[in-house]
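**Q** Sequence:
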Amino acid sequence: MSRLSNLKKVQPKLDHFCYGRGKLLLSGEYFVLDGARALALPVSVGQSLSVRYVPSFNPVLYWKSFDSDDNLWFQTSFEFWHFDCLEENPDKEVLFLQKILRQARKQNSHFLRDEVDVFVETRLEFPLDWGLGSSSTLIHNVANWAYISPFELLFNVYGGSGYDVAVAQSECPIVYEKDGSVPKWSLGSFDPPFRNNLYFVHLDRKQNSMDAIEHYNCKKPHDKKIIEALSGITEKMEKANTLFEFECMMKEHEEIISKTLELQRARDKFFSDYWGEIKSLGAWGGDFVLASSDRNFEETRKYFAGKGFNVVIPYEQLVLNNNEDDFVNQGPIERFKYLH
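Numbering follows the working numbering, in which position 9 of the sequence shown is assigned residue number 2; successive positions increment by one, without gaps.
One or more of the hints may lead you astray.
[To be verified] Taking lysine-lysine and the DSS-like style, the derived pairs with C-alpha atoms no more than 25 Å apart in a straight line are:
1. Lys85 / Lys57
2. Lys99 / Lys85
3. Lys213 / Lys177
4. Lys244 / Lys213
5. Lys232 / Lys177
6. Lys218 / Lys232
7. Lys252 / Lys218
8. Lys217 / Lys244
9. Lys295 / Lys244
10. Lys218 / Lys244
11. Lys213 / Lys252
12. Lys217 / Lys177
13. Lys217 / Lys252
14. Lys218 / Lys177
15. Lys244 / Lys300
16. Lys252 / Lys262
17. Lys244 / Lys232
18. Lys99 / Lys57
19. Lys300 / Lys262
20. Lys177 / Lys229
21. Lys295 / Lys262
22. Lys217 / Lys232
23. Lys229 / Lys217
24. Lys262 / Lys244
25. Lys229 / Lys218
26. Lys92 / Lys57
27. Lys244 / Lys229
28. Lys252 / Lys229
[Claimed, not checked] What follows is a set of in silico ranges between Cβ atoms, one per label pair, in the way DEER data are often shown:
29. Val47 / Glu248: 53 to 63 Å
30. Ile219 / Asp107: 44 to 54 Å
31. Glu108 / Gln68: 19 to 29 Å
No lab work stands behind these hints, which were simulated from the structure alone.
Where a beta carbon is used, it is the ideal one built from N, C-alpha and C, also for glycine.
Take these sequences, add in the hints, and give me the full structure.
**A** This is how it looks when you write it as structure tokens:
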């Protein structure tokens, strides 16, 4: 039985339940916005959204969000018809959620029109500062709930390329590209024989995606040859058969992004004496980097811990694949602890 089935079985009284997977962007970062093909991976942790309805003559939407330790980190409530917040001085998280709900109503005028109180709970399976897609999984889940396009919802709420929404509904790696305003993706075949030599290292420096995109846009226009080169690297990375071949693609990708956007490579900034290759993922300077290593896990982990980076996760423990049934079927809290 799948993990999704198990979760539904645990909560049989829910009126609606949906789940979105977290993401990692392995190649094409930034330039995926302008059509570069990107290799993206679904991870084995994500976010769920559950909804319960109770008849009411004065409908209110009650929202609670729980983190990966099952602690309540966010709650708010909205009046039902215009999604006006019922508390004074709403913070940016409340306003962001309000924008999502109002846009969902705009796309589907029948969304939440019944005379019921609505109780929503979201549950993250990864820490908020890991950059694995707390916003994109929320967008995906609300779109599922409202029966609307998650891409249209994403683009109208805060833009982006849409790859993260595509990953949220995927069970395997994808190759993604944005053709103008149209998202396109296909199932990828990335399952490298050297996956035991790949690790994800968290830099513990949360990056603001909007700030990163603004920096990228300030450097426009970008030469089409750069987009073509990055698309070519994506294809080569997906098909790489040896660690050495893959490391060459990691290094070439880093050099192109660094030179074009005038950003310092994570390797140069933190890991100049590291024996393998380092590649930034997503917005440079924070969240995760991908590290290759021809040494065992304990030696690799010890190196990064010595630099002050204690979250080092083997590829197979984070990326969703067909060989992870035992890992994926663990509950969200147990799975998060296992990653440590």
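**Q** Taking the earlier hints as the rules, which of them does this structure contradict?
**A** none
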